[in-house]
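Work out the full structure, taking the sequences as your base and the hints as a guide.
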Amino acid sequence: MKKFINPFHYIAGGKSLVIGIIFILLTSVIGYFSHTHFPDPVSVNISAEMPIMYYIIQNLANWLVFSTLIYLLTLTSTQSVRIVDVFGTQALARSPYLLAAFPGFAGSIDKFGKHLLHEYLGQGQSISVTTIEITQAIILIIVTLVLTIWLITWMYNAFRVSSNIKPPRSGVLFFVAIVVSIVFNQLITRQLIEIFS
Amino acid sequence: MDKNLPITCPSCSSELKVQSLHCDSCGTDITGSFEMPFLLKLDKEEQKFILDFVQSSGSLKVMAQKLKLSYPTVRNMLNDLIQKIENLKKESEQ
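Line by line, the protein sequences are chains B and Y.
Taking this note's numbering, I'd label the letters of the first sequence as residues 1 to 197.
Taking this note's numbering, I'd label the letters of the second sequence as residues 1 to 94.
Among these hints, one or two may not hold up.
[Unchecked claim] Computed spacing ranges between beta-carbons, pair by pair:
#: 1; chain 1: B; residue 1: P167; chain 2: Y; residue 2: S57; range: 29 to 35 Å
#: 2; chain 1: B; residue 1: R82; chain 2: Y; residue 2: M1; range: 39 to 45 Å
#: 3; chain 1: Y; residue 1: L5; chain 2: B; residue 2: P167; range: 28 to 34 Å
#: 4; chain 1: B; residue 1: Q186; chain 2: Y; residue 2: L81; range: 38 to 44 Å
#: 5; chain 1: B; residue 1: I127; chain 2: Y; residue 2: Q65; range: 37 to 43 Å
#: 6; chain 1: B; residue 1: I195; chain 2: Y; residue 2: D80; range: 44 to 50 Å
#: 7; chain 1: Y; residue 1: E46; chain 2: B; residue 2: L60; range: 37 to 43 Å
#: 8; chain 1: B; residue 1: R82; chain 2: Y; residue 2: V54; range: 18 to 24 Å
#: 9; chain 1: Y; residue 1: D2; chain 2: B; residue 2: I149; range: 37 to 43 Å
#: 10; chain 1: Y; residue 1: L51; chain 2: B; residue 2: S80; range: 21 to 27 Å
#: 11; chain 1: B; residue 1: P167; chain 2: Y; residue 2: D43; range: 18 to 24 Å
#: 12; chain 1: Y; residue 1: E46; chain 2: B; residue 2: V29; range: 26 to 32 Å
[As the list claims (entries may be wrong)] Below, in silico cross-link-like pairs of lysine-lysine (DSS-like), each with a Cα-Cα straight-line distance of 27 Å or less:
#: 13; chain 1: B; residue 1: K166; chain 2: Y; residue 2: K48
#: 14; chain 1: B; residue 1: K3; chain 2: B; residue 2: K166
#: 15; chain 1: B; residue 1: K3; chain 2: Y; residue 2: K44
No lab work stands behind these hints: they were computed from the structure.
Just so it is clear, CB atoms sit at the ideal spot from N, CA and C, and this is done for glycine as well.
This is the structure:
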């Protein structure tokens, strides 16, 4: 159970860096085929098809921006930290999002989203969705939410293990890093959309 | 049964001292008031960690391999132990 919640107790450094980067690249490739975008470190959405480089850069940026912030924030508390542990554990922490790239294949989430946009915001065309498609979309949204909670838990545990900063300071620094990273990565995503579309 | 050596008084939580030593071989008893060795103030797991650390020539990498834990986890255990030792030293100085 501990390996499931905090694998960084057992794996860190170069090994987690290599495995993590493989997972990030796999997530990008699957995201490319399922049209699943990751506009910031803790968000998933299904949107228009883009070139594969868009997905690769987006996923690498999500990892690099957050890891850099975490590393810099850790240095404000302690010098006893290895950069390879921070970047390695954060890379591996992103692996739950490999699974989040699959629901996009179902098509029901995209259809359900377009249906909601038309029904409640009056945007786009009217799309009819069956009860089965709505049920499937809701289940997949819940699964994605669970995967996001899992991802955030791993990101936090990766930070705790690589920095040894104790609560409540660890919680505050982690929250700051998440918020700043969301802003930065959303800006990067906007730039990527302009470049690749 | 594996007994734990008490290091604080169960009544007032003050630090305990060694009053009596006994030789199993000849039955000699020594009484007096001796300070508890510093290492004995740590719990068994922490004492084992220090022994393993010395036997690993002070290499955290070797320790991590032996304990099947990641390098930062072992480094954190060492940092926490250093912190505990510093706190114990401060307490005994007061």
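Results of checking the hints against the structure:
Taken as a hint, the range 29 to 35 Å holds for the pair P167/B and S57/Y, whose Cβ atoms sit roughly 34 Å apart. Restraint check, R82/B to M1/Y: a C-beta distance of roughly 42 Å satisfies the suggested window 39 to 45 Å. For L5/Y and P167/B, the hinted distance range of 28 to 34 Å is satisfied, since their beta carbons lie about 31 Å from each other. Distance hint check for Q186/B and L81/Y: the Cβ-Cβ separation is about 42 Å, which falls inside the suggested range of 38 to 44 Å.
Checking the proposed 37 to 43 Å range against I127/B and Q65/Y shows it is violated: the Cβ atoms sit about 57 Å from each other. Our hint of 44 to 50 Å for I195/B and D80/Y holds, since their Cβ atoms are close to 47 Å apart. Under the hint 37 to 43 Å, the C-beta atoms of E46/Y and L60/B, about 41 Å apart, fit the expected range. For R82/B and V54/Y, the hinted distance range of 18 to 24 Å is satisfied, since their beta carbons lie about 23 Å from each other.
Between D2/Y and I149/B the beta carbons are some 41 Å apart, a value that agrees with the proposed interval 37 to 43 Å. Our hint of 21 to 27 Å for L51/Y and S80/B holds, since their Cβ atoms are close to 23 Å apart. Hint check: P167/B to D43/Y, Cβ distance near 22 Å, so the stated range 18 to 24 Å holds. For the hinted restraint 26 to 32 Å between E46/Y and V29/B, the CB-CB distance of approximately 47 Å leaves it violated.
With a CA separation close to 24 Å, the supplied pair K166/B and K48/Y stays within the 27 Å bound. Distance hint between K3/B and K166/B is fulfilled; the C-alpha atoms sit about 20 Å from each other, no more than 27 Å. Our distance criterion of 27 Å between C-alpha atoms is met by K3/B and K44/Y, whose separation comes to about 25 Å.
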